[in-house]
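Chains as they are written, first to last, in numbering that gives the first Met the number 0: chain C, 0 to 252; chain H, 0 to 90.
Where hints are given, some of them may not hold.
Stated by the list, open to error - Listed next, the stretches of chain H that the computed footprint assigns to chain C, with coverage defined by at least 3 CB atoms under 8 Å from CB atoms of chain C:
#: 1; stretch: 23-31
#: 2; stretch: 46-53
#: 3; stretch: 77-87
Derived by calculation from the structure, the hints in this document are not laboratory data. Note that this is a predicted model, so its numbers are computed, not measured. Idealized CB from N, CA, C, for every residue including glycine.
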Amino acid sequence: MDIGTELYYYVYLILWCVTGVFIIIKAVKSKTINLIHFGLSLISLGLASIPELFGSYSGAAIFRGIGLILVLFFIEKTFYEEKKSPFVLFVICLIIGASFMAIFDLWSKVTPSKLLEYIRDLSFAISIMIPFCWLTFASYSSYKLVKTLEIEPHIIKRYQILGVVAFINLIPATFLSVEIPLAITVMPDFSDIVLIGFLVSSLLTIVFYYILWFMPTSVKNYFNKDYTPKVIEEDVEISEEELMKSIREDIGI
Amino acid sequence: MTSIMEVLGDELANLLSIKPIQAKGLLRLSIRDVMPDKLAEDLTLQNLTDVLKKGLKGRLDRIGASNSEMIVNKMVNFATKKQSLITILKT
């Protein structure tokens, strides 16, 4: 393994695990259980770098499989609770995908073959695409639903950011699915481009996750610059009977 | 900062043609009826659905609203469709 690849794995491991821990702290403080799934997914995906550093893609497949399934849990619990969703189907696909990653990695070590390595990489690429395509779709669908509400624009922006960051995660998957065919045919150095693509998409992902979950006040103010808050009537202390009576009068009963 | 109660309150106010502050009050009473030990901000989607189906339904019936069933269904549908706001507004 060359120094560049090794460095990439270390950067990935640290960035994803630290971000995952911060998100879990935030989730516990705000009592948002589904966000814990998301934080744990980042840690699990980050930890996949450790077996990869030792050349064990089959070991990494376990961490990746768990991490990507946790992303599915986050999407299900955040966007699709009490609604029909393809959650179970996607979990089954991911288990199959992670198993393919592990099996074809071990097989390619026993019988070295570019085809077996390609099937391994393709399984990983499809496994990444399943949750992040779904997250892109869920974010965009929810964005369309909330954009008409009278709420601060920075809240609506967060849906767009989530959609963009999910889409960015599809970049490494796309690279993976074409890496071996291109490397053995027209672009022998394509692996270097893949590494740069992975690094850039990882860094962008982390930056967007921080903006999404820990949005600084200056960024909030920037998104809200053209927003005029609606006038909210101050809470007045009235009795339950008075409130019920006033509603009864207003709806004409 | 917008809260889920404000979003639901605005929707209920539209459906009942009352002031948002009255709608929020009605929702707070509904929460107190069904989950007296919970804060509005800590409610999950399941909690909210229970509050709307049991608490709000009861309150609307006590007011004498003729279309309480339809209003509750619309509110549950609204909350389910926009459930991601529960996470986004809490974090």
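Quick check: the stretch 23-31 of chain H, covered by chain C? Criterion 3+ residues, Cβ under 8 Å. Since 3 is at least three, the answer is holds.
Taking a Cβ-Cβ distance under 8 Å as contact, does the stretch 46-53 of chain H have three or more residues in contact with chain C? violated (count 1)
Coverage assertion for the stretch 77-87 of chain H with respect to chain C, Cβ distance below 8 Å, three residues required: holds (count 8)
Of the numbered hints listed earlier, the single one contradicted by the structure is hint 2.
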